[in-house]
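Novice: This is what each chain is made of:
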Amino acid sequence: MEETKEPVATEGREKMTVLVAVDESEGSLYALSWALDNLFVAAVGGAPNKPQPLGRLVLVHAQQPLQQFIMHPIGPAVYATSSVIDSVKKAQEQNSRDVIERAKGICRRRLVEAEAVVVAGDPKETICQAAEQMQTDLLVVGSRGLSKIRRAILGSVSDYCAHHANCPVLIVKPPKTSH
Amino acid sequence: MATEAEATASVVGKSVMVVGIDDSEHSFYALQWTLLHFFSPAAGSSSPFKLVVVSAKPTPTSVIGLAGPGAADVLPFVESDLRKISLRVIEKAKEICTSHSVADVEFEVVEGDARNVLCEAVEKHHAEILVVGSHGYGAIKRTVLGSVSDYCAHHAHCTVMIVKKPKPKH
Chain V
0 MEETKEPVAT EGREKMTVLV AVDESEGSLY ALSWALDNLF VAAVGGAPNK PQPLGRLVLV
60 HAQQPLQQFI MHPIGPAVYA TSSVIDSVKK AQEQNSRDVI ERAKGICRRR LVEAEAVVVA
120 GDPKETICQA AEQMQTDLLV VGSRGLSKIR RAILGSVSDY CAHHANCPVL IVKPPKTSH
Chain X
0 MATEAEATAS VVGKSVMVVG IDDSEHSFYA LQWTLLHFFS PAAGSSSPFK LVVVSAKPTP
60 TSVIGLAGPG AADVLPFVES DLRKISLRVI EKAKEICTSH SVADVEFEVV EGDARNVLCE
120 AVEKHHAEIL VVGSHGYGAI KRTVLGSVSD YCAHHAHCTV MIVKKPKPKH
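So the sequences go chain by chain: V and X. Here numbering that gives the first Met the number 0 is used: position 148 in the first sequence is 147, and no number is missing along the way. Here numbering that gives the first Met the number 0 is used: position 127 in the second sequence is 126, and no number is missing along the way.
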């Protein structure tokens, strides 16, 4: 317990477990790139003779629950046949794999090793839960830059994480294109 | 010293990290956490960030609120009180920085509402990242008291890191 509260820097930089939430949006991939550039590469790129990684990078992707796709009462009873469920599941899994692959590619290009975890369920809660389970030191999320009203209606994962995660949260905003 | 620091920062190409502090334990914890994880002494002077510590000093008028009778008399006392508090905050921040052997730090006290002060500081220093603590208020307190970390997370033009003090009961 004393390790998480007041870590004593024994060997140089404290090894952090950093959890980065990724999905299909550009915002989250930008967040990943930003985190890699500023948190990881800076430590390694400066002195190639001491390849001391800043810590553990874990990519987490939340897979939306299946119910969303099936609960559409169109006309008379629409039965979700098992084949429909299967194909939707497969499409989802493929989607998750693509997202993870893209994210891993970004990491690889910067010579950073990353683990990947796919969690199922509502992204907000599952990401916070994953952060707690893995005892992350820092949770990185992207932000769509929504306005206040949209945020309230659409809901915001970054908002939820900022309030409910037990660890420090880093919210990466998309770069301002027009200033 | 400010211009010199800025010149060296632009030459070295260091990104600027602004840390917002106030008189609370949470913000000092945030500062310590940041120093520990980003400015480790073993990394030498090659930390990728330049640290700017900003403390917002509330204006006396905002503290006193609606003027009642005798508000003008109270003003100078409140002003000196606030100044003492902000000096103490900066002193403590300086101590924390030196105890982590971080020397390349700028300290600023800016008068105004914490929300605006921090966002303006981000603009002024072209910061890459803004670090704030969080009081850990619940949803209701947050709406009533307002949350600086919330405001900054939404309005700052850079990445925002919200450092929370871990809950004691787990």
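Read the hints as simulated data drawn from the structure, not as lab findings. Glycine residues also receive a C-beta, built at the ideal position from the N, C-alpha and C atoms. It is possible that part of the hints are untrue.
[Unchecked claim] List time: in silico DSS-like cross-link candidates among lysine-lysine, alpha-carbon distance up to 30 Å:
hint	chain 1	residue 1	chain 2	residue 2
1	X	K91	X	K13
2	V	K103	X	K93
3	X	K13	V	K14
[Said to hold, decoys possible] Here are some, though not all, of the chain X residues that point toward chain V, as calculated from beta-carbon distances under 10 Å:
hint	residue
4	S23
5	A29
6	A71
7	P75
8	F76
9	L86
10	I95
11	T97
12	C157
Novice: Next step is simple, just say for each hint if it's right about the structure.
Specialist: So, going through the hints one by one against the coordinates:
At most 30 Å may separate the alpha-carbon atoms for a hinted pair to count; K91(X) and K13(X) meet this at roughly 25 Å. For the suggested pair K103(V) and K93(X), the alpha carbons sit about 40 Å apart, so the restraint of at most 30 Å is broken. Annotation: proposed proximity of K13(X) to K14(V) holds, straight-line Cα distance about 22 Å (limit 30 Å). Of the supplied interface hints, the one on S23(X) is violated, with its beta-carbon coming no nearer than about 16 Å to a beta-carbon of chain V, more than 10 Å.
For A29(X), the shortest C-beta to C-beta distance to chain V is roughly 8 Å, which falls under 10 Å, so the interface hint holds. Taking 10 Å as the C-beta contact cut-off toward chain V, the hint placing A71(X) at the interface is violated, the least distance being around 37 Å. At its closest, the beta carbon of P75(X) sits 38 Å from a beta carbon of chain V; the interface hint therefore is violated under the 10 Å criterion. The closest approach between the C-beta of F76(X) and any C-beta of chain V is roughly 37 Å, which is over the 10 Å cut-off, so the hint fails.
At about 26 Å, the closest approach between the beta carbon of L86(X) and any beta carbon in chain V exceeds 10 Å, and the interface hint on this residue is violated. At a threshold of 10 Å, the smallest CB-CB gap from I95(X) to chain V is about 13 Å, leaving the interface hint violated. Using the Cβ-Cβ criterion of 10 Å, the hint placing T97(X) at the interface with chain V is not satisfied: the shortest such distance is roughly 15 Å. Against a cut-off of 10 Å between C-beta atoms, the interface hint on C157(X) holds, since the closest Cβ of chain V lies about 7 Å away.
The structure fails hints 2, 4, 6, 7, 8, 9, 10, 11 (numbered hints given earlier, in ascending order).
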